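Residue numbers (our numbering), protein chains in the order written: chain A, 201 to 482; chain B, 183 to 608.
Treat the hints as calculated values from the structure; they're not laboratory data.
Some clues are possibly wrong.
[Unchecked claim] Cβ-Cβ distance ranges computed for the label pairs, FRET-style: (1) A:Asp393 <-> B:Glu191: 33 to 43 Å; (2) B:Arg316 <-> A:Arg473: 31 to 41 Å; (3) A:Lys250 <-> B:Leu585: 55 to 65 Å; (4) A:Gln262 <-> B:Arg316: 32 to 42 Å.
Computed from a predicted structure; not experimentally measured.
Beta carbons are placed, not taken as given, at the ideal position from N, Cα and C, and that holds for glycine.
Listed here are the chains, written in short residue letters.
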Amino acid sequence: MESIAQVLPEKSRRHLPRCLYGGFSAARDLLRWRELLSVLAGRDLRVRYKQSLLGAAWAILQPASMTFVFTIVFGHFVRVPSEGKPYAVFSYAAMLPWSFLSAALSASVGSLVANSSLVTKVRFPREVLVFAGVGACGVDFLIAFCLFPILLLIWQVPLGFTMLWFPVLAIIQVILITGLGLLIAAANVFYRDLRFLVPLGLQLWFFASPVIYPLAAVPERLRGLYLLNPVAPLLDGYRQALLHGHAPQLPWLGIAAITSSAIFLVGYWAFKRLEPAFADVI
Amino acid sequence: MAETAACLEGVSKRYQLGARSLREVVPTPRAWPKRPPQAGNGVGPRYIWALNDISFSLHRGEALGIIGPNGAGKSTLLKLLAGVTSPTKGQVNISGRVCPLIEVGAGFHPDLTGRENIYLNGAILGLSRREIQRKFDEIVEFSGLADFLDTPVKRYSSGMYMRLGFSVSAHVEPDLLLVDEVLAVGDYAFQRKCLGWMEKYRRSGTVVFVSHNLEAVARYCTRVVYLHEGRIVQDGRPEEVVAAYLEAQSSQQCRERSPRDLLHVGLEPRLASKQAEIIQVDISNGRGESVRSLRAGEPMAVRMRVRFKEAVHSPHFCYALRRGGYLLAFETNTGALGLSTPDFRAEDEAEVVINHGAWLVGGNYSVSVGVADAGMRFFLDQRENTLMLSVVDKGGCQGIAGLFPLIWVNGQRLEPREGGVDGVYG
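Sequences are here, hints too, so could you generate the full structure?
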C-alpha cells in the first residue's frame with residue numbers, strides 16, 4: 201500500500217525538481233479524486249436548481265436579462281458602437297463569458313470557507329472544491345451558450361465555421377479563471393475580507409474589459425496596455441469568431457494564453473503551498 | 183512482524199494563538215528585510231505546542247485508545263492521523279485508506295435527498311461511484327432509512343441524519359478508522375448496532391479511538407495511550423493506563439473533592455481539612471499477609487491507619503472499590519451504615535479494618551478510602567484509587583459482582599466439560 205500522507209519536515213527550500221515532482225503528484229492526486237470533483241460540481245448544480253421555480257433556466261436568465269438591459273441602455277439610449285452588428289448579440293457574445301468569469305470567481309472565493317467542516321475533518325485535495333465551483337459555473341455557461349445561436353438567428357447574423365474557435369477560447373478562459381479562483385480561495389482562508397474585495401474587483405474589471413463597448417473604442421495609444429488584461433483579447437476573440445466570422449487576433453490571443461497559464465501555475469503553486477495550513481486556520 | 187498501519191516520528195504540532203497572517207506561510211523574498219516574529223516580545227505571534235515530540239507505531243489490527251485531559255492534544259493527533267493537517271516537526275506516515283468518524287455526515291447538503299447524499303458523502307470519503315453503487319443496499323439497510331431516501335435530508339431528524347452518515351462511513355472499509363466520541367448518536371438500538379459493527383471492524387482493521395468514556399476505551403481497545411500536554415505519558419495495556427490516568431487526575435483533585443463525589447447526596451463540597459491524615463493503607467488476606475492479589479471469594483481486609491492532628495468527634499470512615507479505577511464496584515461509609523464511631527483526641531491514631539469477602543469477578547480493582555467529619559459534610563483526608571487489587575477467578579464471567587452460580591438442568595447439576603472454560607469472557 202502506498203503512503204498517502206507524507207509531510208515535509210520543517211520549512212524546506214524549494215528546488216526546481218521538487219516543484220515538478222510536486223506538480224506530478226498533484227496531478228496524480230487529482231486524477232484519483234476526479235469522481236469527487238464531478239460529485240461536488242453536481243451537488244452545486246443540483247442544489248442551485250432544486251427548489252427554484254426556474255431551475256436550469258436561471259443559467260440563461262442572468263446573462264439574457266443583463267443583455268436586455270444593456271441593449272436598451274447602451275444600444276438605444278447611449279448608442280455605443282457595436283462593430284456593425286445588432287447591439288443585443290454584440291453584448292451577449294461578451295456577456296456570456298464575462299458572467300462565467302464573474303460567477304466562477306465569486307463562487308471560488310468562499311468555496312473553502314463554506315466547506316470548512318470538510319476541510320477540517322476529511323482528507324482530499326482541497327483544490328477539488330475550487331474546481332467544482334468553476335465546473336458548476338462552466339455548465340451554466342454552456343447552457344446559456346445554447347441560447348446564442350437562437351439570438352443569432354433572430355437578428356439574422358450568419359453563423360460561420362469560426363465558431364469552432366469557441367472551445368479554444370473557452371479553455372483559455374477556464375485556465376485563467378481556475379488560476380485566479382485558486383489564488384483567491386486560498387487567500388480568503390487567511391484574509392476573510394476578500395469576499396468583499398472580489399465583487400468590487402469584478403465590477404472594476406468589468407469596465408476595464410470590452411463587454412459593453414468594442415475593443416476599437418479604446419484609444420490606440422492605450423491599446424497595448426489594455427490588451428495585457430487577459431480577458432480583453434478573449435472577449436474580443438469571442439466576438440470575432442462568433443459574430444464576424446474571423447479568427448481571433450492571434451498574437452494577442454497567444455499572449456492571453458500565456459498570461460492565463462502563468463496565472464494558473466502561480467495560483468496552483470500558492471494554493472498547494474498554503475494548503476497544509478487551511479485546516480488550522482479556517 | 184505485524185504490518186504498520188501508521189507511524190509517527192518525532193511529531194510536534196504548533197498552533198499560533200491570535201490572528202494569523204499570510205506572511206508566515208508564504209516564503210519572504212530575500213530582498214525584503216527579515217522580520218522574525220519572536221514569541222514573547224509582545225509584537226510577534228504567540229505559539230502553543232499542541233503536540234510535543236510524539237513517536238509511536240500503530241500496527242494493523244490494533245485498537246488504540248487515546249485518553250487524556252482536555253487540551254492534551256488528542257484531537258490534534260487525530261487530525262494528523264486523518265491527514266487533514268501537517269505536523270510542524272517530524273513525520274506522519276500512514277498507509278491505506280483512512281476514514282474519520284469524526285464528522286458523521288461530512289458534506290451532507292440539506293437540500294439533497296438521502297440517496298444523493300449517500301453518493302456525495304461516499305465520494306468525499308474516497309469511495310468510487312461503482313463502489314457506492316455496489317454497497318448501496320447494504321448502506322440503506324444498515325441505516326434503516328429505506329423509506330426516506332428520496333426526501334431532502336433537511337427534513338430528517340437529527341437521529342436519522344446521524345444514522346445515514348454513520349452508515350456510509352461504516353461501509354467505507356477503511357484500513358484505519360478514527361473514532362472521536364461520535365458514538366453517542368441515534369437511539370439505543372442503533373447504538374448497539376454501531377458498537378456491534380465497531381466490534382466486528384476491530385477484528386479486521388485498525389482503529390484509533392479517542393474518548394472520555396474510559397470504560398468504553400478500556401473495554402474496546404487493545405492498547406491505550408495517555409496523552410498529557412502534548413506528550414505521551416504512558417502507552418500500554420488498557421487497564422493499566424486508564425488506572426494511571428485516573429490516579430493522576432484524582433491525585434490532583436483529591437484535596438478538593440468532597441464526599442459527594444463518592445455519591446453521597448446532599449453534601450457540600452469543601453477542601454479536605456487536614457484535621458486528620460491517612461498515613462497508611464494496606465490490603466491483607468485471610469492470614470493477615472499484605473497482598474495485592476486475591477482469589478475471588480477469599481476473605482480480605484482493607485486496613486487504614488489514620489492519625490488525628492486535632493480532636494475529632496466521631497469521624498466516619500469511607501471505603502470504595504472501583505473496577506479498573508472508574509467503574510464503581512462497591513462503596514459505603516460508617517455514617518451511611520449507621521455505625522457509631524468513637525471520638526479521637528489530638529495525636530491519636532486509629533487503625534481501621536474493613537473486612538469482607540472478595541466476591542468479585544476477576545480483574546483489577548482500585549481501593550479508595552477516606553475519613554470524613556461526623557456529619558459527612560467534608561473529608562478530613564482522602565486517598566482515591568490508592569491501591570490496586572487484582573482479583574483472580576476461574577474465568578467464564580464478566581461484570582463486577584462475583585456471584586459464581588451453580589447451575590442445574592432437570593435436576594442434574596452441570597459438570598465441567600473437557601476443554602475447560604471457553605475463552606469468550608477471558
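Quick check: does the Cβ-Cβ distance between Gln262 (chain A) and Arg316 (chain B) fall within 32 to 42 Å? 40 Å, holds
Indicate whether the distance between the beta carbons of Arg316 (chain B) and Arg473 (chain A) respects the range 31 to 41 Å. 38 Å, holds
Just tell me: holds or violated, for the beta carbon distance of Lys250 (chain A) and Leu585 (chain B) against 55 to 65 Å? 60 Å, holds
Asp393 (chain A) paired with Glu191 (chain B), Cβ distance criterion 33 to 43 Å: 39 Å, holds
Against the hints set out earlier in the document, no violation occurs for any number.
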